[in-house]
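Residues per chain, in single letters:
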Amino acid sequence: MKTINKTFKQISQYPSAVFGLFIIMLLVILAVYAMATIPYSEAIRLWRGGEDVVYMNPKNVPPAWVNIFRKTRLPESFAVKSSEGEITKTVTPGADNTASIDFEYPFEFDYDVYPQELMLYFTSTYASKNPFVSIYIITPTGEELRVGDFGVSAKQTFRFSQDERFIRRLVREKRDENPMIGIFSIPETEPPVPQKGTYKLFVQGQTFEANSDLNVEFVLHGQSYGLAGTDHARRDLMVALLWGAPIALAFGLLAALATSILSMAIAAIGAWYGGWLDELIQRITEVNLVLPFLAILIMVGTFYTTSIWTILGVTIALSIFTGAVKSYRAVFLQVKESTYIEAAKAYGASNFRIVFLYLIPRMIPLLIPTLVSAVPAYVFLEASLALLGLGDPVLPTWGKVINDAYSNGALYKEQYYWILEPAVLLMITGLGFAMLGFALDRIFNPRLRGI
Amino acid sequence: MTEETQAGVLRVKRKGTTSAISRVARFMGVRAISLIITVVIGIYTTIMIANMGGYVDEIKRNDIRERVNLQVAAMTSSNRGITTEQRREMVAEFVILEEKRQGLDTPFAIRSVRYLVDSLQLKLGRATNMVSDNGSREVRNIILERLPATLLLMGTSQLFLFFFSVFVALSLSRSYGSFWDKMVITLSPTSAAPPWFYGIFFILIFAAVFRILPFGGMVSAPVPDNTFGYILDVLKHLILPASSLIIASLFLSIYNWRTFFLIYSSEDYVEMAKAKGLPSRDIESRYILRPTLPTIITNFALLVIGLWTGATITETVFLWPGLGRTIFRAIGFFDTPVIVGSTIIYAYLLAITVFLLDFVYVLVDPRVKVGGGK
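Protein chains in written order, with my numbering: chain A, 1 to 451; chain B, 452 to 825.
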């Protein structure tokens, strides 16, 4: 306890260490928050669920907060449902079991860019005669645009941009043939200027049976979305950014912890027992230097599996017998000769006891800085493999987001948010551990103290 | 590696046999044999991994079957006279031929030994699936074709990195505690990120936003027709990948060298020299650089052979046609000869370097003696 307190006091003297520790704490909080708010199965569903999950998201748009820095404001996306009371639904019963169901949804549009798409998702229940709807958009100037009239099946989707009749009608009314520009422009302006104000969606429905019902969901695909934006598959990047944190931390920490502890234990055993065991460990280390590390990881990823846990295992296996074993061994050989080990031998302590209770604990001051400094390398290793297309097939990770962005030409298409968000998170993670590791190295390594 | 070679040298020194020459010969012999065994085991392990315990053979067989099926279907589609039976026979025949060509008819245990023996003799053989840009299947040609690109990129960046950081570190160790010294210490954690990471930022800034440098590749699409224009164009493409390789390790490298020099310049004999009033240039060259020379040489030698491996991911990000990317592609093609070929060359270079370094130590470090004096 005393030594821990002392260490903390020393750490507090290094501003970079305090900063690094602060970043690591934030990352841990982020990771815990991610796992608490989005459970694992939910994260996988959100990331890999396909069109059913992401239909209400626009494609490839930056986060909504970019509007703060922009002169031309980007429309934000929304999705509202009548079944949840977000759209006003008025039911007026008529004669012969018929009923007219009207939906009204006013929405504010004061943006300078046109949205990507407007969509209506109808759900209805009926026995034999399906309900009928007429759709209108009422512009801020009070003009009524007739969008379409059709019978609705149990599940039906209406996309404004893909309706030929609506496009013909817009052209007839001397509006732009692109429905988004047609709806949201001041009429007969060239080039088109967005008309700002309150628009209203008005859906007039008619049911023809006693138990027939109709509901609608109104979706506007804007040009910005949420806190993180979306990718090419309409997925909310927030899921990957949040879940990337626990995965990166788990991978980095597990790999660093396992490799440094195993290297140390092996070096200790070799140094203590000596003889053929020591010689064997030395040879394995030399063979390992010849092996192409990255090529082997790529081979495992390509031939066998890209599961992050297999890759983690292979990484650890290849990183145990490295230069670290040699430098630990050199120190152990010195420690082996110290008097307290002599004393332990004299009172008959077992070999196991000496190695694990007397030798290894002496090395912990040397171990901790190495361990902390090794974390970023492994975090970035995971991202590097993902960049080569060998990311985990299921899990959303930061590296995979960068890979998606890179292979979809985000840099050419100026979708910078897509690369910058995961890259900044990776950078912060790397910096946090590296800064703390550096400071710890100076605290624990007496040769560096004062240098 | 350094400690090991030094330990090896010291171990021999302690033994102190009668004749100096036999001592050296003995040491050389033991060292050479142990290095050869290391290379053999390393290469055989790589061969085994490149085959995943027969798993890759399975993939290759399926691949061949599928391709032959398509081929036969294409060949016989216009000829209605051929029965299904005949077609099946044709497929079986072609599959056997193709498996024989790729050597899949011999069991892997035998094939792996053959690979090992061939590669140890540097008979790199022919690639199974890859073809070099000028159409050769020889592994040697595939590798040689990409070597200049890798040497250009890695050579410029790593040599600059090495000399620049040693030079800066020396001057920083003189002005220890100055503003620049503190600056380097503060910036050294930036080396936690790998080169490709900086590469992406560089592409974003200089290629995407400012549009002053190319996104990637090694030369523009219509290749400039005069030599001068060509060189200029390649240099323009070189700036971003080379600087990302440099930036990614620059500060850590300076920091490490600086700390290393500082440790040596706080030795008692340096203090003594200062007290004697020797000029600082002499102190630096005689008392600081001299004992650190073995480490500097080791690092330089390992750096030079490290150029060979290329930088797979940086090359991929910048679409640089180097060796690193070729190996990555070879893995995608299950092309064991190419993978093994590049590994064996690296292994040999490493073994030879390690072997030679033992003798270089004797030349530069008077404390290390293999054969009783120079």
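Treat the hints as calculated values from the structure; they're not laboratory data. Every value quoted in this text rests on a predicted model; they were computed, and no experiment measured them. One or more hints might be untrue.
[Stated by the list, open to error] Across the chosen pairs, the derived CB separations fall in these ranges:
no., chain 1, residue 1, chain 2, residue 2, range
1, A, ASN445, B, GLY480, 33 to 41 angstroms
2, A, ALA346, B, MET723, 54 to 62 angstroms
3, B, ARG741, A, GLU342, 36 to 44 angstroms
4, A, PHE78, B, ILE656, 15 to 23 angstroms
5, A, GLU414, B, PRO673, 20 to 28 angstroms
6, A, LEU227, B, THR637, 47 to 55 angstroms
7, B, LEU729, A, TRP309, 30 to 38 angstroms
8, A, ILE4, B, THR637, 49 to 57 angstroms
9, B, LEU683, A, ILE4, 58 to 66 angstroms
10, B, PRO673, A, PRO106, 41 to 49 angstroms
11, A, ILE68, B, ILE656, 19 to 27 angstroms
12, B, GLU536, A, PHE150, 50 to 58 angstroms
13, A, TYR347, B, LEU610, 53 to 61 angstroms
Built from N, CA and C at the ideal position, the CB exists for glycine as well.
Okay, the hints, checked on the actual structure:
1. ASN445/A x GLY480/B: 33 to 41 angstroms: 39 angstroms, holds
2. ALA346/A x MET723/B: 54 to 62 angstroms: 41 angstroms, violated
3. ARG741/B x GLU342/A: 36 to 44 angstroms: Since ARG741/B and GLU342/A have Cβ atoms about 37 angstroms apart, the given range 36 to 44 angstroms holds.
4. PHE78/A x ILE656/B: 15 to 23 angstroms: Cβ of PHE78/A to Cβ of ILE656/B: about 34 angstroms, so the range 15 to 23 angstroms is violated.
5. GLU414/A x PRO673/B: 20 to 28 angstroms: 25 angstroms, holds
6. LEU227/A x THR637/B: 47 to 55 angstroms: 31 angstroms, violated
7. LEU729/B x TRP309/A: 30 to 38 angstroms: 59 angstroms, violated
8. ILE4/A x THR637/B: 49 to 57 angstroms: Because 27 angstroms falls outside the window, the suggested range is violated.
9. LEU683/B x ILE4/A: 58 to 66 angstroms: At roughly 60 angstroms between Cβ atoms, ILE4/A and LEU683/B fall inside 58 to 66 angstroms, so the hint holds.
10. PRO673/B x PRO106/A: 41 to 49 angstroms: 57 angstroms, violated
11. ILE68/A x ILE656/B: 19 to 27 angstroms: Check passed, 22 angstroms falls within 19 to 27 angstroms.
12. GLU536/B x PHE150/A: 50 to 58 angstroms: 56 angstroms, holds
13. TYR347/A x LEU610/B: 53 to 61 angstroms: Between TYR347/A and LEU610/B, where Cβ atoms are some 57 angstroms apart, the hint holds.
The structure shown violates the earlier hints numbered 2, 4, 6, 7, 8, 10.
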